[in-house]
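*Asks:* The residues making up each chain are set out below.
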Amino acid sequence: MGMRLVSYIGSKAIGFLADIGGVAILLKEILFNLPRLFKNFHLTTEQMVFIGVNSLPLIIFVSIFTGAVSSVQAAYQFHNYVPMRYLGTAVGKAVVIELGPVLTALVVSGRVGAAIAAELGTMKVTEQIDALETLAIDPIHYLVVPRFIAGITMLPILVLFSDLVAILGALVVAVVFVDVSAHTFLSGLKMFFHLSDLFAGLFKALIFGGIITTIGCYQGFKTTGGAEGVGTSTTRAVVISSVLILVADYVIASFLFG
Amino acid sequence: MIEIVDLHKSFGDNKVLDGVNLTISKGETTTIIGRSGVGKSVLLKHIIGLVKPDEGKILIDGEDITLCKNEKLVELRQRFGMLFQGSALFDSMTVQENVGLGLREHTKLPEEEIREIVREKLRLVGLSGVENSKPAELSGGMKKRVGLARAIAMSPEYILYDEPTTGLDPIMADAINYLIIRMKNELNITSIAVTHDIVSAYKISNRIAMIYEGKIIFVGTPEEVKNTDDPIVRQFVEGRATGIIKAV
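Quick mapping for you: the protein sequence lines, in order, are chains A and B.
Read left to right, the first sequence gives residues 18 to 275 (my numbering).
Read left to right, the second sequence gives residues 3 to 250 (my numbering).
Chain B on its own, in the form it takes in the complex (with noise of 0.2 Å):
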């Protein structure tokens, strides 16, 4: 389980956290919904200890991450996978190396076993035949699987997704939110996506949560949020320019 507790982040004058209280339950698929620039990324870099709050707390079962230095946060982090939102595939490196460079750093296992699980987890997110490839070669939606098996190759407990479907036309967004399902009921992994995109939102979480300045507003499952009577909420779900909520 992670708890976020009063959690404060400015950026110089800009207060982009003001308080966030959230938490994730186990085995479920948490979304946090919000403009752009709201705070969702940074939110999410705080959980893996990306960022450190000016205040509050992160609890990752029981453990603080924010307070987590050296061995401590290598073994949390070990814990966790990421799907970035442009991917941030190492450019340098093959998909192949790509996917097993946690294997490789963190395990002693021989290099033939570290390609047969590369080749799982690749074929658990529908690739095959690409492992020789650099990231440049790929498409947007496959550079998403390659990151998205990357995230899954430690078999973590908890993946964070950043925007996981933005900049993929309608069908690969698609299909990235089944294979988002899809870990979650096969792997049983507990997931944390932030994403403004509320079609993908509905179809991959268990609860959503949105976050409006700096702070979050509402949490519910799909169909409290379908049926929300808060004005900011409902703004946002239907994408009205006018409103609480300013187009600026």
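This is chain A alone, in the form it adopts within the complex (with noise of 0.2 Å):
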């Protein structure tokens, strides 16, 4: 029993390097392969509007309410401590710093990183990425390449947009249910308004966009088996790729605010 556990606990770990050692290999070949990044190009542009323009309706959504949210909460916390001039500034800061980057990249997670992982999982059980290579075509630079620069511009933009719907989705909030004038809001918003606080929220949703379609290539390509080696990887995509996503927002916050 306790040799078992020994050797579970020991392939764990040893898997868990070797996964480690994996994703390194893989951004090794990206980073290689980026020089003919615009040798097909349109397959970088069709990864943008999967990616980008298809996730917007999804995270304008979420964002409306995670504003709305964010303004019922503030301003309950708020309630006899603190002036309701500043709950624009604390929405503000919130929606900006954290929530937008953070909550657009777990939204885009489950729905981009699941895909990837998906789809190059069957095309790896299928044998479509080795018949790629019968054709001299590197995978990494065909199928890795547009998915990689494709998140890690698309994801920032897209923070862009769940920034300001979020904004306004407090700011409706914020006026019809808690009694608070426009006015008073986006002045608070504006008072501790720094240019800095948007680019690290960019600077993070870019490298969340890069963990995400990383991840996601990483598990696609270690597919094995057949429909439940797709389900698998897809689950682990999504899994890993939102835990890494937390601690890179906890470590890159640790750089730039502490």
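These aren't lab readings, by the way, just hints derived from the structure by calculation.
The beta-carbon is built from N, C-alpha and C at its ideal position, and this holds for glycine as well.
Among these hints, one or two may not hold up.
[Unchecked claim] Ranges between beta-carbon positions, derived for each pair:
hint	chain 1	residue 1	chain 2	residue 2	range
1	A	256	B	233	48 to 58 Å
2	A	127	B	233	52 to 62 Å
3	A	244	B	94	13 to 23 Å
4	B	112	A	271	50 to 60 Å
5	A	57	B	37	40 to 50 Å
6	B	114	A	216	45 to 55 Å
7	A	246	B	94	18 to 28 Å
8	B	38	A	246	18 to 28 Å
9	B	242	A	246	54 to 64 Å
10	A	216	B	38	55 to 65 Å
11	B	184	A	26	53 to 63 Å
12	B	184	A	246	30 to 40 Å
13	A	26	B	112	21 to 31 Å
Quick one: dock chain against chain with the hints and give me the complex.
*Replies:* So, in structure tokens, the structure goes:
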């Protein structure tokens, strides 16, 4: 029993280290392939549409309610302690630095990370990736780099939309339900607004975009078996990228604001 | 000419190839037969550099593909075409895009010329009017034909066939056999097929090699296979469950 437990923990640890090594090698190959980015650039624009444009309705929907709930929650906590003119400040800071980038990344991870892992995983188990190689086409160049570039460029753009819509949602709730005037909310928003906060949020989004696409591609490429393997890879892609987003969020916050 | 020299490959504790030696002559069709799971497809994937061996060499006209990387590997692979067991068509692309992908990636031919080559290759495998269809709209036999058209699109010197007739009805299987023979005769392509379909092996092969327990145990013409006294080869070609090869 004891030996089996040690063996189980050991194999999990080796698997974990192998995954770290695998992702590092994949990142190295992505960087190695970047100079050839503009060959087949249509593949990157297709991915930009898929990751960016097609995610926009969902991001807008989620962001409206994110802004709305932060307005309600902040107002509840301010009640009798903090003047309501700071409502816009608190909501703006929370959305731009934290909620916009993280929630957008988690939603995109569920939508895009899963789709990438499922698509590449299916290609792997049906030998389509082998077929690409037999046609002397590098799968990293053809499949991974376009997704990676689309991820790191589209996530910051999605976050910009998310920030804007969330603040609008918060404003509407503040005016209609919390009884704070639009002028008060907006002057609070502007009072402590720093452009560096916005850039910090966008930098986070860029890193999150890299995490989502790299993990999705890595899980897709290491898929084995049939439909079950694709399902496992898809789940792992979403879970691992979600965890890494939160870890990276902390690490970046420590560097930028610590 | 392809020379496979003392090839070894293991996956974990499972030793799949245990010193494979085989020479494939130019212009011939060599078929590798053996039970499912003995490493036939793994051997084929070694030949085109999809799998790296633990030991051994694969010489393509004297060049060891197991040592090739980057540009050299790309250059060597362009001399090959491969038909996969499940066709492995790119399901997000149309037939036309599938067949023309190699040409679009590796040549500077104008689009109209590529489309004409694609039409010609599809005609060669007996298909027309399916250029704009997606793989999901095609039958198994049609997918194999499209896969074959894609394999020959770059006019390769060598074609590798991985179980070309598996999963097809006998009539369609024979049509694929006929196409393989036609590729060799009309395009002078050197072919290597792996299959456990002995009827197909007899029809398409100049030579048949049998793989058993990680080694090539027999090489001969179809006539020599039919007349051999080797008990393992006899059991396999006669399809008997009893004998040296265990049915597990």
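*Asks:* Tell me, which hint numbers fail for this structure?
*Replies:* Of the numbered hints given earlier, those the structure breaks are 9, 13, listed in rising order.
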